[in-house]
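Below, each chain spelled out in residue letters.
Protein chains: 4
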Amino acid sequence: MTFEEIFKSHPAPTSLDRDTLLRCIRECLDCAASCTACADACLSEDDLRMLVRCIRLNLDCADACGATSRTVARQTAADLGVIRTTIKACAAACLACGEECERHAVHHEHCRLCAEVCRRCERACADVLALID
Amino acid sequence: MTFEEIFKSHPAPTSLDRDTLLRCIRECLDCAASCTACADACLSEDDLRMLVRCIRLNLDCADACGATSRTVARQTAADLGVIRTTIKACAAACLACGEECERHAVHHEHCRLCAEVCRRCERACADVLALID
Amino acid sequence: MTFEEIFKSHPAPTSLDRDTLLRCIRECLDCAASCTACADACLSEDDLRMLVRCIRLNLDCADACGATSRTVARQTAADLGVIRTTIKACAAACLACGEECERHAVHHEHCRLCAEVCRRCERACADVLALID
Amino acid sequence: MTFEEIFKSHPAPTSLDRDTLLRCIRECLDCAASCTACADACLSEDDLRMLVRCIRLNLDCADACGATSRTVARQTAADLGVIRTTIKACAAACLACGEECERHAVHHEHCRLCAEVCRRCERACADVLALID
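If you read the sequences in order, they're chains E, G, F and W. Residue numbering for the first sequence is 1 to 133, as defined by our numbering. Residue numbering for the second sequence is 1 to 133, as defined by our numbering. Residue numbering for the third sequence is 1 to 133, as defined by our numbering. Residue numbering for the fourth sequence is 1 to 133, as defined by our numbering.
Isolated chain E, as found in the complex (with noise of 0.2 Å):
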């Protein structure tokens, strides 16, 4: 995507690792629309009332992604308490949303799929906290 080049071509980086940095707002940007999507598709599904958590657990997770995604991609000036709680409120809330997804992955595919890139953003925020922790 071209935002990781002008994420590269910052005139002053940041000093932490670049590569982890950009794969944890590729996971964020994916699983903000992900949960976007899944709470959506869950919204015309037959068993909708089964699937109230995972819609309201869908909507907190897109706002967490969304915010951490725009967060970690300025490097300007970086506050680094700002970073740290703002990925665990990210990684809190995939885990979360991936938890109630995988309860309903036999069931919809979309649910499946979303669990699976919660995961995946959760793995992405945890390996920038090893970074800054």
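What the hints contain is simulated information worked out from the structure, not anything from laboratory work. The reader is advised that the hints may include incorrect statements.
[As the list claims (entries may be wrong)] Label-pair restraints from in silico Cβ distances:
1) Thr20/E <-> Glu99/G: 40 to 46 Å
2) Gly81/G <-> Ala126/W: 49 to 55 Å
3) Ala126/F <-> Glu99/G: 37 to 43 Å
[As the list claims (entries may be wrong)] Take a look, some chain F residues computed to stay more than 10 Å from chain G by CB distance:
4) Ala12
5) Asp17
6) Arg18
7) Arg49
8) Arg103
9) Glu109
10) Leu129
11) Asp133
Where is the CB? At the ideal position from N, CA and C, for every residue including glycine.
On the provided structure of chain E, position chains G, F and W as indicated by the hints.
For chains G, F and W alone, coordinates are given in the frame of chain E:
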């Protein structure tokens, strides 16, 4: 604001103290808008170069407050781990942004006001954390 | 709210009428939070299946109002074409969401209140459009 | 990206051309992240004062693309009036931001790349509009 009445008319309200949650949401909304407006005001200042860190933290804080206002506003099937880490991230962003804004408070009224709302939002976050930690 | 004072302390203020812009931002913030809370309240209702369209439009409207509140809050080097189309999109989302909420107003107080704030936000958008069209 | 598979597994898919919608969502995600990263890169440039309008339009464009990616990603009970005006606002933001970035393309690689992704996103929006206008 009308959203407060809507929050109170929820058919399955949260067991957490409603007024504490509402104050947190209200402060997050004001802080997000304040940080957006402060970043923009900074962009028009003569000493713009001195305000780069302020702008960056304004943008982080606006993102954190926006995500937090939405997550706290949801009462259906809440996950306390998600709410707790989200609010901690918000408080950290408010702290960092508030301290940076404070450094420019003498020269820029928008920074002085923004430091105030950041501190108020940080306290409102701490009050919610006291309910769930 | 503090953001209004920050908006007023901008070093290079917009030439558009400030009170009209501020009312638009305020209504957008309330409407975004109201739609987020209404979607969540709908998720907990017994007649959830009847409210699917309401939830979807609530989410669209919250997104439109959020983006619009930020774009209108920026006074530095504004582009009227961007502001005009953004506000038109916001008014369209408020109209669609308000009409759908109105259909459920008899049964759900949160929908009745949300219809009200959508209409108020739509009017506040129309008032800004009248300044720039 | 995984969100594309989730979009395709929707139980009540849109009647609009799926590939056109998916390209629009993908470009919006890339453009939103690109504009966020370009604004941040601009903040670290020596000729920061020349880039104030670029930063402002980057922020508007990121907001518009974010809201549009989510609205287009929802297939349940879509309202064409909302989608149409949202995409028009996004195209207008991409146009304004892309033109401004282009002016700095010779001096800043991030602006050159951001102008490219803005143009690509604007075209993807136009392609969706051609389906529904």
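Outcome of the hint check:
With their beta carbons about 27 Å apart, Thr20/E and Glu99/G fall outside the hinted range of 40 to 46 Å. At about 43 Å, the CB distance of Gly81/G to Ala126/W disagrees with the hint of 49 to 55 Å. Remark: the range hint 37 to 43 Å for Ala126/F to Glu99/G is upheld by a beta-carbon distance near 41 Å. Not every beta carbon of chain G lies more than 10 Å from that of Ala12/F, the smallest distance being close to 4 Å; the non-interface claim is violated.
For Asp17/F, the non-interface assignment is confirmed: its Cβ lies about 17 Å from the closest Cβ of chain G, beyond the 10 Å cut-off. With a least CB separation of 12 Å from chain G, Arg18/F remains clear of the 10 Å interface cut-off, as annotated. The Cβ of Arg49/F lies farther than 10 Å from every Cβ of chain G, with a closest approach of about 15 Å, so its non-interface assignment holds. Non-interface status of Arg103/F relative to chain G is upheld: no Cβ of that chain comes within 10 Å, the nearest being about 16 Å off.
With a minimum CB-CB distance of about 4 Å to chain G, Glu109/F fails to clear the 10 Å threshold, and the non-interface call is violated. At roughly 21 Å from the closest C-beta of chain G, the C-beta of Leu129/F stays outside 10 Å, upholding its exclusion from the interface. Annotated as non-interface, Asp133/F keeps its C-beta farther than 10 Å from every C-beta of chain G; the closest such distance is 23 Å.
Consistency note: the structure conflicts with the earlier hints numbered 1, 2, 4 and 9.
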